[in-house]
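With the hints as extra help, turn the sequences into a complete structure.
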Amino acid sequence: MAFIMDSATPYVEYGLIAIILTLIIISGEIDLSIASMIALTAVIFGTVYNAGFGMPLSILIAVISGSLCGFFNGILVAKLKIPSIILTIGTLTLYRGIAQSLASDFSLGGYPSWFVGIDYRYVGIVPIPVIIFTVFALVVGFILSSTIYGKQLYLIGTNPITAKYSGIKVDRIKLMLFTLSGLVSGVAG
Numbered sequence: 081m082a083f084i085m086d087s088a089t090p091y092v093e094y095g096l097i098a099i100i101l102t103l104i105i106i107s108g109e110i111d112l113s114i115a116s117m118i119a120l121t122a123v124i125f126g127t128v129y130n131a132g133f134g135m136p137l138s139i140l141i142a143v144i145s146g147s148l149c150g151f152f153n154g155i156l157v158a159k160l161k162i163p164s165i166i167l168t169i170g171t172l173t174l175y176r177g178i179a180q181s182l183a184s185d186f187s188l189g190g191y192p193s194w195f196v197g198i199d200y201r202y203v204g205i206v207p208i209p210v211i212i213f214t215v216f217a218l219v220v221g222f223i224l225s226s227t228i229y230g231k232q233l234y235l236i237g238t239n240p241i242t243a244k245y246s247g248i249k250v251d252r253i254k255l256m257l258f259t260l261s262g263l264v265s266g267v268a269g
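Numbers given in the numbering used here equal positions in the sequence shown, counted from 1, plus 80.
Everything labelled a hint here was simulated from the structure, so no lab data went into it. Since we're looking at a predicted model, the values are computed, not measured. Hints should not be assumed to be uniformly reliable.
Restricting the straight-line Cα-Cα distance to at most 20 Å, the calculated cross-link-like pairs of lysine-lysine (PhoX-like) are [claimed, not checked]: (1) Lys159 <-> Lys249; (2) Lys249 <-> Lys231; (3) Lys244 <-> Lys231; (4) Lys249 <-> Lys161; (5) Lys244 <-> Lys161.
Given below as structure tokens:
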């Protein structure tokens with residue numbers, strides 16, 4: 081059992097991202113720039129931390145920058161009606177380019193030992209990241225199956241015009257989903 085838990089730990093951030101992408105796909109959109117947002121937020125975190133700011137502020141800035149990237153995608157998709165597949169291919173390149181220009185060819189390091197090993201902390205025999213993923217998956221599953229918001233998401237993905245005429249704030253929900261995508265990218269980065 082311990083082997084299974086240890087094997088699952090490195091993939092938790094992929095699982096969190098997959099859950100968010102599932103929500104975006106249910107709403108009839110796609111976000112291909114999520115990996116580049118992760119790279120950008122990781123570089124921003126490392127740059128801010130190595131500049132002498134503390135760990136909490138560095139984490140906060142990385143999460144906010146990820147949220148802003150997602151918000152940027154959401155505004156362009158929801159308000160300007162740019163197809164998400166085309167837009168996110170473009171922002172994938174944009175975010176990756178910014179990350180590469182910030183990091184140059186150097187690796188960022190020098191983090192405290194408690195932060196580097198945070199993925200391998202346990203509650204009993206279960207790693208904390210696995211617990212976080214499980215709780216997150218259960219909450220999202222409950223939202224999709226048992227709340228009005230979940231039903232609205234399915235309706236938006238099935239027929240956005242009907243959803244709009246039914247009084248559902250389609251643009252606001254899509255904007256929120258893309259912002260959430262950026263937020264999770266900031267956390268994963």
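Do the hints match the structure? See the list:
{"no.": "1", "hint": "Lys159 <-> Lys249", "verdict": "holds, 12 Å"}
{"no.": "2", "hint": "Lys249 <-> Lys231", "verdict": "holds, 13 Å"}
{"no.": "3", "hint": "Lys244 <-> Lys231", "verdict": "holds, 13 Å"}
{"no.": "4", "hint": "Lys249 <-> Lys161", "verdict": "holds, 15 Å"}
{"no.": "5", "hint": "Lys244 <-> Lys161", "verdict": "holds, 14 Å"}
Every hint, counting from the list given before, is met by this structure.
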